[in-house]
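J.: One-letter residues, chain by chain:
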Amino acid sequence: MIFRYLLILIILFPIKAFSLIEVDITRGNLSPLPVAVSPLSVDSESKKSFEKLLKKKDIGAEISLVVENNLVKSGLFNPLDKDAFLQNPNIAHLKPRFEDWALIKAQALITGKVTLVDEKLRVEFRLWDVLAGKEMMALAFTTVPTNWRRVGHIITDKVYERLTGETGYFDTRIIYVAEEGPKTNRIKKLAIMDQDGFNNKYLTLGNELVLTPRFSPTNQMVTYLSYFKNLPRVYLLDIETGIQEVVGDFPGMTFAPRFSPDGKKIIMSFAMDGNSDIYTMDLENRVVERITNHPSIDTSPSYSPDGKYICFNSDRSGYQQIYVMKSDGSNVKRISFGKGIYGTPVWSPRGDLIAFTKMHKGRFYIGVMRTNGKGERLLTENFYQEAPSWSPNGRVLIFYRETKTDSQGKGFSAKLWSIDLTGYNERLVETKTDASDPSWSTLLSN
Amino acid sequence: MNLIKILRSAFLVVLACLVLSACATKKVATMKQMQGDVYTGTDSVEYLADGVPDRVFFATNESILTTRSRDTLRKQAGWLRENSDVNVVLEGHADERGTREYNLALGERRANAAKDYLMTYGISSNRISVLSYGKERPVDSGSNPLAWSKNRRSVTVKAN
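Residue numbers (this note's numbering), protein chains in the order written: chain S, -8 to 437; chain W, 30 to 189.
Rather than coming from a laboratory, the hints here were simulated on the basis of the structure.
Some hints could be false.
[Unchecked claim] Chain S residues, not near chain W, derived (Cβ > 12 angstroms throughout):
hint: 1; residue: Lys174
hint: 2; residue: Asp253
hint: 3; residue: Pro296
hint: 4; residue: Gly334
hint: 5; residue: Phe347
[As the list claims (entries may be wrong)] List of simulated lysine-lysine pairs, BS3-like, C-alpha gap at most 30 angstroms:
hint: 6; chain 1: S; residue 1: Lys125; chain 2: S; residue 2: Lys180
hint: 7; chain 1: S; residue 1: Lys73; chain 2: S; residue 2: Lys47
hint: 8; chain 1: S; residue 1: Lys406; chain 2: S; residue 2: Lys192
hint: 9; chain 1: S; residue 1: Lys330; chain 2: S; residue 2: Lys395
hint: 10; chain 1: S; residue 1: Lys352; chain 2: W; residue 2: Lys61
hint: 11; chain 1: W; residue 1: Lys61; chain 2: S; residue 2: Lys401
hint: 12; chain 1: S; residue 1: Lys180; chain 2: W; residue 2: Lys187
hint: 13; chain 1: S; residue 1: Lys406; chain 2: S; residue 2: Lys220
hint: 14; chain 1: S; residue 1: Lys64; chain 2: S; residue 2: Lys47
hint: 15; chain 1: W; residue 1: Lys61; chain 2: W; residue 2: Lys104
hint: 16; chain 1: S; residue 1: Lys192; chain 2: S; residue 2: Lys125
hint: 17; chain 1: S; residue 1: Lys395; chain 2: W; residue 2: Lys61
hint: 18; chain 1: S; residue 1: Lys46; chain 2: S; residue 2: Lys111
hint: 19; chain 1: S; residue 1: Lys111; chain 2: S; residue 2: Lys96
hint: 20; chain 1: W; residue 1: Lys187; chain 2: S; residue 2: Lys220
[To be verified] Computed footprint of chain S on chain W; a stretch qualifies when at least three of its residues, placed anywhere within it, have a C-beta under 8 angstroms from a C-beta of chain S:
hint: 21; segment: 97 to 106
hint: 22; segment: 120 to 134
Quick caveat: nothing in here was measured; it's all calculated off a predicted structure.
Even glycine gets a Cβ: it sits at the ideal position worked out from N, Cα and C.
Hey, can you work out the whole structure from these sequences and the hints?
T.: Written out as structure tokens, the structure reads:
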């Protein structure tokens, strides 16, 4: 894989400095931090080589644009207009004139430099505290030139981490189902793209219906449901080799798959004679284990990050509700008790929250609750939306939303949206086609 | 002034009547095709043979067979007995107003309700297979209660 070539070399260590900058991430951020992203400077020789290699006129400006877009979408930062910048990028990178940057109200400044060294792209960047007049961080790394967008994502992650104290989520990818065609006969393909929608790639051709793809913890494998030969079964796909295989040998439909946090097992539902229960299959020794045994529908299982618990969806009370049990299936407890019915529970990577879909009075909500069911918070309401998936830092949810059609069945669309835990900062995640069933990868560079 | 007032209120009355009657006719049309929220119309129904409808319909979130559904399935069982070389796939479906994974399970449950009924009327289980499509293959792409009722269904399809 490309990112194996990625070498992160830290040449300068973060300099300890008391910083005046603080980004409040605990509530809706109505005044995002003003930050200046100075275009990364490129010497003229490197510039020419990059232009030949990547067909990009100014790779430094392109990378800084990736950073800027990421910062905007986070909702926590407000990148300032470049036209107002007074200092040359190459000089700013060596010694910023802090008065100039303070003048345009920048509180943080990102500068950098890109060079071509032995056919590799080498980038160094610095983060500056404008008001304190100090360097907060300096990093450099080298990668293959075609990885230039990832360079922008990694820079964003480092800046985000330094300024918020949380890990980032920008150097990540989304796997989802690309949809086309009429609502009554949708063509669906697995697709993968960078978190910001670039580098989109289809992984299946659309010959058979595919649903609910989910990444393995190392992001090398995907588990999903395929209707290959009209037999709906859980499959495993190696993204690198393209090899697909059926998971287990079940005499009926298997669906709703997810990996265990150690990546060794797949947990899923198996439906037989009108009853769906939860099973796991060990990917090494192929041992299948039955986890629930109840005459109701048990589905949408999701492990806690330590692997000790499973949350799942069951209608054993008469309607869809969320339950938590130990990973061996014991100690089943219902945790959703609010008005309406609940589906698609997903355990947060931080372990503290469970995201869900709630249906109440004909409206659909994405929300979160603590793992004991307390503290329910609804983040967004719409005509139809479901299937939240967590960003690796547990701060943002991506989900899909479908629009209402008119009496002729016109006006249907399915799109990916993201919202952060504050319930503010709801954003459309742009995709070439209609899209559903998103699943967020873990950080690629960690 | 008075005349204008009278005219205006008369106009409003007429308008209200029109709106109300329009609502009433629309409601009647929908009512005819639904009992509770189970579809009872024939718009989307196809026939396995003369007088043998291919599908049964369900209430929201339910997999219970209605009297009408049982009647349809008895006809199907009779037809299957007469055509003993025919195998069938029961395709279970849900409407778009539920989460995808739950709907897959619900479609499977609905198709199995139909399968069980056919079996009690003497059709061997190895002639019947079950396939759930969840909410993936609606027949009506509308977003309204009537469209949804047509989509909550189990369809008996010839497999050979």
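J.: Look at each hint and say if it fits the structure.
T.: Outcome of the hint check:
1. Lys174: 4 angstroms, violated
2. Asp253: Given a closest Cβ separation of 23 angstroms, the condition holds.
3. Pro296: 21 angstroms, holds
4. Gly334: The claim is violated: glycine 334/S sits with its nearest Cβ about 4 angstroms from chain W, within 12 angstroms.
5. Phe347: 9 angstroms, violated
6. Lys125/S x Lys180/S: Distance of about 49 angstroms is beyond 30 angstroms: violated.
7. Lys73/S x Lys47/S: At roughly 19 angstroms apart (the allowed maximum being 30 angstroms), lysine 47/S and lysine 73/S satisfy the hint.
8. Lys406/S x Lys192/S: This hinted pair holds, its Cα atoms lying about 17 angstroms apart.
9. Lys330/S x Lys395/S: Holds, because 23 angstroms separates the two Cα atoms, which is no more than 30 angstroms.
10. Lys352/S x Lys61/W: 24 angstroms, holds
11. Lys61/W x Lys401/S: Judged against 30 angstroms, a Cα distance of about 24 angstroms means the pair holds.
12. Lys180/S x Lys187/W: 28 angstroms, holds
13. Lys406/S x Lys220/S: 28 angstroms, holds
14. Lys64/S x Lys47/S: Judged against 30 angstroms, a Cα distance of about 24 angstroms means the pair holds.
15. Lys61/W x Lys104/W: It holds: about 23 angstroms lies between the C-alpha atoms, which stays within 30 angstroms.
16. Lys192/S x Lys125/S: With Cα atoms ~42 angstroms apart, lysine 192/S and lysine 125/S exceed 30 angstroms; violated.
17. Lys395/S x Lys61/W: 24 angstroms, holds
18. Lys46/S x Lys111/S: Within the cut-off at roughly 16 angstroms; holds.
19. Lys111/S x Lys96/S: Violated, at about 36 angstroms.
20. Lys187/W x Lys220/S: Satisfied, since the Cα-Cα distance of roughly 16 angstroms is no more than 30 angstroms.
21. 97 to 106: violated (count 0)
22. 120 to 134: Holds, because 9 residues of the segment 120 to 134 of chain W bring their Cβ atoms closer than 8 angstroms to Cβ atoms of chain S.
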